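Asker: Spelled out, the chains give:
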Amino acid sequence: MRIVIIDDSGLRATVLEEGLREAGYDDIHIVPPRGAFVARLERMAPDVVLMDLGSPSRDTLEEMLIVSRALAKPIAMFVDQSDDSMFGAAIDAGVSAYVVDGLRKERVKPVLELAVRRFNAFAKIQGELDEARTALSDRKIIDRAKSILMNQRSLSEQDAYALLRSSAMNQGKKIVEVAQALITASDLLGGGL
Amino acid sequence: MTTPLKIAFLPLTDAAVLVAAQERGFAEEEGLRLDLIRTTSWATLRDRLVFGQVHAAQMLAPLAVAVTLGLSQQPAALAAPYKLGVNGNMLVMASDFAKALEPDVAARLADPLGTAHDFAAAIGLWRRKPIIGVVHRFSSHSLMLRYWLASAGVDPDKDVVLRVLPPSLTVEAMRAGEIDGFIAGEPWGSAAVEAGLAETVAIGERIWRRGVEKVLAFRESWLEENPETVDRLLRALARAAAWCDDPAHHGALADLLADPRYVDQPAELIGRALNGQIVARAGEAPIANPDFMLFSREATSFPWRSQALWIYSQLVRWGMVEHDAASVAKAGGVFRPDVYRQALADSDVAMPGASMKLEGAMDLPLAVGSRRGELTLGPDRFFDGRVFDPDRIEDYLAGFAPTG
Chain H
1 MRIVIIDDSG LRATVLEEGL REAGYDDIHI VPPRGAFVAR LERMAPDVVL
51 MDLGSPSRDT LEEMLIVSRA LAKPIAMFVD QSDDSMFGAA IDAGVSAYVV
101 DGLRKERVKP VLELAVRRFN AFAKIQGELD EARTALSDRK IIDRAKSILM
151 NQRSLSEQDA YALLRSSAMN QGKKIVEVAQ ALITASDLLG GGL
Chain Y
1 MTTPLKIAFL PLTDAAVLVA AQERGFAEEE GLRLDLIRTT SWATLRDRLV
51 FGQVHAAQML APLAVAVTLG LSQQPAALAA PYKLGVNGNM LVMASDFAKA
101 LEPDVAARLA DPLGTAHDFA AAIGLWRRKP IIGVVHRFSS HSLMLRYWLA
151 SAGVDPDKDV VLRVLPPSLT VEAMRAGEID GFIAGEPWGS AAVEAGLAET
201 VAIGERIWRR GVEKVLAFRE SWLEENPETV DRLLRALARA AAWCDDPAHH
251 GALADLLADP RYVDQPAELI GRALNGQIVA RAGEAPIANP DFMLFSREAT
301 SFPWRSQALW IYSQLVRWGM VEHDAASVAK AGGVFRPDVY RQALADSDVA
351 MPGASMKLEG AMDLPLAVGS RRGELTLGPD RFFDGRVFDP DRIEDYLAGF
401 APTG
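Protein sequences, first through last, are from chains H and Y. The opening residue of the first sequence carries number 1 in our numbering; numbering runs sequentially from there. The opening residue of the second sequence carries number 1 in our numbering; numbering runs sequentially from there.
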């Protein structure tokens, strides 16, 4: 079974490809949705096309599926009327799958399920990355607030941090929110660093 | 208690009524909270609607008809009881291509028939078949572009390449030289003009003066099961639409739409379509087109069945569907004037007495029969003067010369 993954994000496509290979599929191609990707796809004559539901190139792909004369068999979006929950899960996970006509349901289903699991896993990784990035910028803000306190009130780093933390606790806020407020106030008063 | 409703939309100026309904409190007055979900492709908007991830969607009217007729992926019975606007498209082409057209852009836009013929000549002069971006096979823009090209003997399936791409990618595709021009809803044409990549060649409103555009689409089953919620939503939208139409609010509306959650383009660009002040070539004075985009007046939001059938006639014309009585009934049934009437019966919205009319018969504004209030319909002429009689679809289709 030839599976084509249309994806811009190197990481997500890799995560998906890896999973498919582990499951024993070996005819897998990744095509980024740019330029003449539709022509490339036509030449590949895939059995299954997997794509991010949020990809802006889906309309372009569907147009190709309608007009292409190169495809021997029509490709339609995976529709298994008996299994709405599967489709719901696919849409929730952000997977769109197009399957060549005549490919049996029991052959398609494991691919789709795997894609759903891998897309979800990818979303989780991305969420964690975003969190890590936020944490990093949070720390920068706190560091800047600390140095303002250290300079203006001649506190040690430890005391500056303790002051931020106790203010945050008293106000029921996060430390980073208090730190940001302090930086803003300091900038407004011309005492910024 | 507030009822939350999820509604999918694309970043386009004609999402205005939905955005205003939520942001200016019209939804809240009806006890609704609109969760507006931005999507980047019509395919995804369709899937979210068909599979119930959203309750309603801002949909291309021809796509709603096509999905119901089973022409698109994910066939499903859809219902459109409300039009979110009329007009608002324009065709822009690379300046190199436009050189072969009337250089005075105001004159060019005012004469779509002459420009269509110039365009046909320009195709011959171009180094290859021009590639024109359209946002979807089943879009009003694509149908109007085909109608316009064919009037000058251009076969849209043979003499040009129509390439489908979503509106938000059109400007980048122009920049990358992947397309020579495109037709799309605003603000994307204006964005390409402003970037110096293209100039305006034709305006939707000059092709069909009251061209059906986006509708509010529901799954038919959900609409039938939730009549009271649908009524409240339509009342909120009708008030939001009146607010959007008022020139005094265009500045505030443009600012709302410019938000990154909605259209995410400069308010000044968005304002051009709202104000009907179209800059056709970068740096030149705007050209006044007061009917460039309408939301409320003239019963704009009323879903005339004849308009669904005009769309159907064009799908037949271009070989996208076989003509038969069952398809006519299905296509016409997508537009739901009955639901519109029911929802807005007690409001002050002027209500047409009929559900069908001749399309393209009015050269001048005309006062028409209305159940309540005064109703004047604007001119709805097609630029070539043809009139569509929804009871005589075969005769209408026979009137078009085959282009192939």
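Quick caveat, the hints were computed from the structure, so don't treat them as lab data. It is possible that some hints are incorrect.
If you anchor each label on the Cβ, the simulated ranges turn out as follows [as the list claims (entries may be wrong)]: (1) Asp395/Y <-> Asp26/H: 53 to 63 Å; (2) Asp92/H <-> Ser347/Y: 30 to 40 Å; (3) Pro290/Y <-> Arg139/H: 48 to 58 Å; (4) Gly52/Y <-> Glu177/H: 54 to 64 Å.
Here are the computed lysine-lysine pairs in the DSBU-like style, where the Cα-Cα straight-line distance is at most 35 Å [stated by the list, open to error]: (5) Lys173/H <-> Lys124/H; (6) Lys105/H <-> Lys129/Y; (7) Lys99/Y <-> Lys105/H; (8) Lys330/Y <-> Lys109/H; (9) Lys109/H <-> Lys357/Y; (10) Lys124/H <-> Lys330/Y.
As the structure is a prediction and not an experimental result, all values here were calculated from the model. Just so it is clear, CB atoms sit at the ideal spot from N, CA and C, and this is done for glycine as well.
Asker: Now, for every hint given, state plainly whether the structure supports it.
Answerer: Verification of the hints:
1. Between Asp395/Y and Asp26/H, the C-beta spacing of about 58 Å keeps the proposed range 53 to 63 Å intact.
2. Separation of Asp92/H from Ser347/Y is about 37 Å and conforms to the stated range, judged on CB atoms against 30 to 40 Å.
3. Between Pro290/Y and Arg139/H the beta carbon distance is about 55 Å. The supplied range of 48 to 58 Å therefore holds.
4. A beta carbon spacing of about 38 Å between Gly52/Y and Glu177/H contradicts the range 54 to 64 Å that was offered as a hint.
5. Our distance criterion of 35 Å between C-alpha atoms is met by Lys173/H and Lys124/H, whose separation comes to about 27 Å.
6. Between Lys105/H and Lys129/Y the alpha-carbon distance is near 41 Å, which puts this suggested pair outside the 35 Å criterion.
7. Distance restraint check for Lys99/Y and Lys105/H: the Cα-Cα separation of roughly 54 Å exceeds the 35 Å cut-off, and the hinted pair is therefore not satisfied.
8. The suggested pairing of Lys330/Y with Lys109/H holds, with an alpha-carbon distance near 33 Å, which does not exceed 35 Å.
9. At most 35 Å may separate the alpha-carbon atoms for a hinted pair to count; Lys109/H and Lys357/Y exceed this at roughly 49 Å.
10. For the suggested pair Lys124/H and Lys330/Y, the alpha carbons sit about 43 Å apart, so the restraint of at most 35 Å is broken.
In the structure shown, a violation is registered for the earlier hints numbered 4, 6, 7, 9, 10, in ascending order.
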